[in-house]
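J.: So the chains spell out like this:
2 protein chains.
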Amino acid sequence: MTPSPQPGCLDGVRVLDLTQFEAGPSCTEVLAWLGAEVVKVENPKGGDPGRTSVGDTTHDSPYFLQFNANKKSLTANLKSPAGLDTVKRLAAEADVFVENFAPGAIERLGLGYDVLHGLNPRLIYAQVKGFGAGSPHEHSLAFDMIAQASGGVMSITGEPDLPPAKPGATLGDTGTGMLMAISIVASLYRRERTGRGERLRVAMQDAMLHYIRVAFTVTARTGVAAPRVGAKVISASNVPGGIYPCAPGGKNDYVYIYTSRANPEHWHRLLRVIGREALIGDDRYETIAARLAREPELDEMIAAWTRGRDKHEAMRVLGAAGIPAGAVLDTAELQNEPDFERRGIMQVMQHPQVGAFKMPGWPVTHDGATLPLAPAPLLGEHTGDVLHRWLGLSDEALAALRADGAV
Amino acid sequence: MTPSPQPGCLDGVRVLDLTQFEAGPSCTEVLAWLGAEVVKVENPKGGDPGRTSVGDTTHDSPYFLQFNANKKSLTANLKSPAGLDTVKRLAAEADVFVENFAPGAIERLGLGYDVLHGLNPRLIYAQVKGFGAGSPHEHSLAFDMIAQASGGVMSITGEPDLPPAKPGATLGDTGTGMLMAISIVASLYRRERTGRGERLRVAMQDAMLHYIRVAFTVTARTGVAAPRVGAKVISASNVPGGIYPCAPGGKNDYVYIYTSRANPEHWHRLLRVIGREALIGDDRYETIAARLAREPELDEMIAAWTRGRDKHEAMRVLGAAGIPAGAVLDTAELQNEPDFERRGIMQVMQHPQVGAFKMPGWPVTHDGATLPLAPAPLLGEHTGDVLHRWLGLSDEALAALRADGAV
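Line by line, the protein sequences are chains V and G.
Per this note's numbering, residue 1 is the first one in the first sequence, and the count goes up by one each step.
Per this note's numbering, residue 1 is the first one in the second sequence, and the count goes up by one each step.
I should point out that these hints are in silico values taken from the structure, not numbers from a laboratory.
For glycine and all other residues, C-beta sits at the position ideal for the given N, C-alpha and C.
Fair warning: there could be bad hints in the mix.
Stated by the list, open to error - Sample of chain G residues at the chain V side, in silico, Cβ under 8 Å:
no. : residue
1   : 260
2   : 301
3   : 305
Unchecked claim - Simulated crosslink set (BS3-like; lysine-lysine; CA at most 27 Å straight-line):
no. : chain 1 : residue 1 : chain 2 : residue 2
4   : G       : 45        : G       : 79
5   : V       : 232       : G       : 251
6   : G       : 45        : G       : 88
7   : G       : 358       : V       : 251
8   : G       : 232       : V       : 358
9   : G       : 232       : V       : 232
10  : V       : 45        : V       : 88
11  : V       : 251       : V       : 358
12  : G       : 251       : G       : 232
13  : V       : 232       : V       : 251
14  : G       : 251       : G       : 358
15  : G       : 88        : V       : 232
16  : V       : 45        : V       : 79
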């Protein structure tokens with residue numbers, strides 16, 4: 001007998017979401033994927049600036065769709081007394097409140113921690129800022145790239161003799177959002193026993209340190225700043241390893257090959273694949289130290305093999321031989337690879353304005369299935385619905401709020 | 001009256017941790033930070049290869065300390081029947097089981113999902129692999145860099161006319177571990193109501209797509225692969241922005257400056273700071289499109305100002321003026337900056353072999369405090385303790401297991 005499917009992990013959890021752009025929305029979106037009812041509170045005049053911040057203004061941007069799937073949208077004018085009062089009443093009914101406004105803004109609006117905690121001691125009140133409380137930069141603005149610069153990520157990314165590069169991944173935003181999501185869900189778990197909410201805060205700069213801890217081990221060992229090493233690995237002691245050029249020689253025609261010092265067989269397997277099995281056991285190549293001294297020679301030996309095939313074939317052959325290997329895949333290749341859609345890693349959102357929109361879903365499978373993807377909401381799409389259900393508002397009361405410009 | 005401090009969010013949760021290196025350990029370490037009792041099950045002969053994989057072999061590596069804080073260690077020989085039986089009995093008492101062995105290894109050991117689920121239907125059974133179940137690469141090995149290559153991250157990192165670079169952040173490892181941690185804690189939350197565990201799986205390649213969704217929006221708009229843009233922003237439409245050189249001209253002497261199109265004031269404020277207020281309102285510079293056409297001119301105008309001060313002063317002055325700005329800080333500067341230690345973002349672990357070891361703590365503060373940092377365990381440090389408490393084993397039974405080489 002197949003057991004009945006389980007409900008969403010966070011079914012029944014109510015999240016009042018005052019976030020915009022990405023660091024906050026990526027966090028609340030995960031809660032929505034996991035089943036929480038996430039109600040995005042937006043300014044009636046345009047809403048989350050992420051809706052329109054890049055390119056086309058005739059419909060919600062791909063950026064907005066990516067970070068607001070599965071949520072609901074309610075408009076409220078926080079500058080109007082009735083709008084603000086409505087949001088406070090919603091906060092009294094919520095389990096989680098999340099905001100990532102500029103420093104001090106939420107307090108100026110009258111929705112600071114003390115106010116909402118007073119209304120609802122069970123509330124988990126979560127804030128994402130650029131810099132930490134008590135930091136010399138506490139009052140400064142930040143975006144993803146500012147966090148990646150000031151949190152160390154850029155200093156260890158790029159080529160050795162060139163200026164720092166910014167990772168294409170938006171680690172400052174989504175990377176921070178994920179850490180806050182962990183603390184929020186853990187706090188919900190504790191609240192089942194204690195009945196108490198709490199205040200959670202994370203700074204984007206601080207969050208970056210969590211992701212570069214391997215680089216800190218280099219500094220722990222050497223006493224100096226970890227370097228930039230191009231496509232190599234900062235901790236450096238696995239040789240050979242890196243990206244190797246493949247046919248036909250395009251910008252992303254490379255395969256990453258890695259031989260771990262934890263498993264000396266990787267190197268021997270690689271020698272067999274590239275037709276150099278005669279070197280297995282040869283003292284000139286047998287230890288990491290010996291190979292490190294001959295790194296350019298080894299890299300060329302491997303490249304002589306990789307140049308003869310395309311990256312997909314190289315990855316397949318190396319992988320089948322038990323050697324860690326990965327083709328450098330670009331976003332067009334990933335977007336169009338049927339395997340990701342078949343496995344639910346890429347999913348298609350049916351959006352009322354945009355139509356079919358394909359994007360990455362939540363990558364963790366639960367009992368063998370990926371979590372469902374629902375459209376990002378239109379601005380104010382759920383205002384009436386949420387006010388009815390959360391606050392029991394009558395049609396007349398809702399109409400009055402609308403007439404007042406409060407929602 | 002100050003309310004009593006709350007217990008750890010995950011106090012009382014038992015995690016049986018069969019992970020090694022980073023993707024798995026970073027996940028279980030977060031659970032430990034949040035209060036779970038995480039018992040690392042290690043091979044008696046050397047344990048987690050991360051203990052010794054880099055550099056010094058006279059004590060546990062900085063790498064191991066970074067990713068195993070707050071955990072316990074129990075040794076078990078999984079090749080011995082009594083050792084394997086002991087781990088199964090522990091699994092029967094656990095809430096969460098996590099492993100990141102090579103594909104198929106956990107099943108070959110006799111600790112696959114079906115076996116442990118049969119023993120303990122409440123168990124949350126979590127697996128981190130390189131490639132997804134059903135992927136053509138399902139049986140292949142992967143490490144951090146393989147995931148960053150094949151998951152798109154490298155294709156969008158580095159200089160436009162050079163090969164791809166690998167972000168210094170270990171997104172393939174820790175980035176994946178964080179997503180699994182979210183699903184685990186959410187599953188624990190649901191289990192409070194359903195009493196049922198589940199199987200969770202994530203692939204490092206798949207997890208990378210979650211972190212590069214902004215790049216996918218570029219592909220959604222253009223139909224082609226997102227490019228590499230050095231230190232600039234891939235989605236590209238905020239001008240000016242990027243890193244600007246500061247005195248005295250060292251490798252990391254840059255400040256990132258960003259002017260968001262969502263707030264036209266950023267540009268005006270920047271003109272004031274750099275002494276070019278005469279250009280405020282000038283049509284040649286007033287729109288994004290106009291500035292984009294003059295980007296090199298603007299970058300030089302800004303650099304003429306930044307070159308005259310060091311990055312810390314530039315960050316301070318720009319930040320105080322309401323312009324998003326961040327100095328490029330390196331790992332030595334971050335490691336030695338007293339502000340991070342004062343705020344608990346960097347904490348000092350007191351390790352019995354290594355002594356004082358400073359590392360980043362969990363960056364989310366709970367009710368104003370950072371979570372405490374306890375030392376990473378010595379190999380087998382808690383074998384007896386855990387077998388007594390979890391299984392009620394007598395001293396005699398423990399001695400027999402030890403004599404047998406099972407633990």
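J.: Against this structure, judge whether each hint is valid.
T.: To see whether the hints hold, each was checked on the structure:
Below 8 Å, beta-carbon pairs count as interface contacts, and residue 260 of chain G has one with chain V at about 7 Å; its hint therefore holds. The beta carbon of residue 301 of chain G is not positioned within 8 Å of any beta carbon in chain V (closest approach about 18 Å), and the interface hint is therefore violated. Interface restraint check: residue 305 of chain G against chain V, minimum CB-CB distance 17 Å, threshold 8 Å, status violated. Only pairs whose Cα atoms come within 27 Å are accepted, and residue 45 of chain G paired with residue 79 of chain G is accepted, the gap being roughly 12 Å.
Among the hinted pairs, residue 232 of chain V with residue 251 of chain G is consistent with the structure: their alpha-carbon atoms are about 18 Å apart, no more than 27 Å. Annotation: proposed proximity of residue 45 of chain G to residue 88 of chain G holds, straight-line Cα distance about 20 Å (limit 27 Å). Between residue 358 of chain G and residue 251 of chain V the alpha-carbon distance is near 40 Å, which puts this suggested pair outside the 27 Å criterion. At roughly 26 Å between alpha-carbon atoms, residue 232 of chain G and residue 358 of chain V fall within 27 Å of each other, so this suggested pair holds.
The straight-line distance between the Cα atoms of residue 232 of chain G and residue 232 of chain V is roughly 21 Å, inside the 27 Å bound, and the hint therefore holds. The straight-line distance between the Cα atoms of residue 45 of chain V and residue 88 of chain V is roughly 20 Å, inside the 27 Å bound, and the hint therefore holds. For the hint linking residue 251 of chain V to residue 358 of chain V, the alpha-carbon distance of about 25 Å falls within 27 Å, and the restraint holds. Taken as a hint, the residue 251 of chain G and residue 232 of chain G pair is honoured in the structure, with Cα atoms around 17 Å apart against an allowance of 27 Å.
The suggested pairing of residue 232 of chain V with residue 251 of chain V holds, with an alpha-carbon distance near 17 Å, which does not exceed 27 Å. Between residue 251 of chain G and residue 358 of chain G the CA atoms are separated by roughly 25 Å; this keeps the pair inside 27 Å, and the hint holds. A C-alpha spacing of about 40 Å is found between residue 88 of chain G and residue 232 of chain V, which places the hinted pair above 27 Å, so the restraint is violated. Taking the CA atoms of residue 45 of chain V and residue 79 of chain V, the gap is about 12 Å. The hint holds against a cut of 27 Å.
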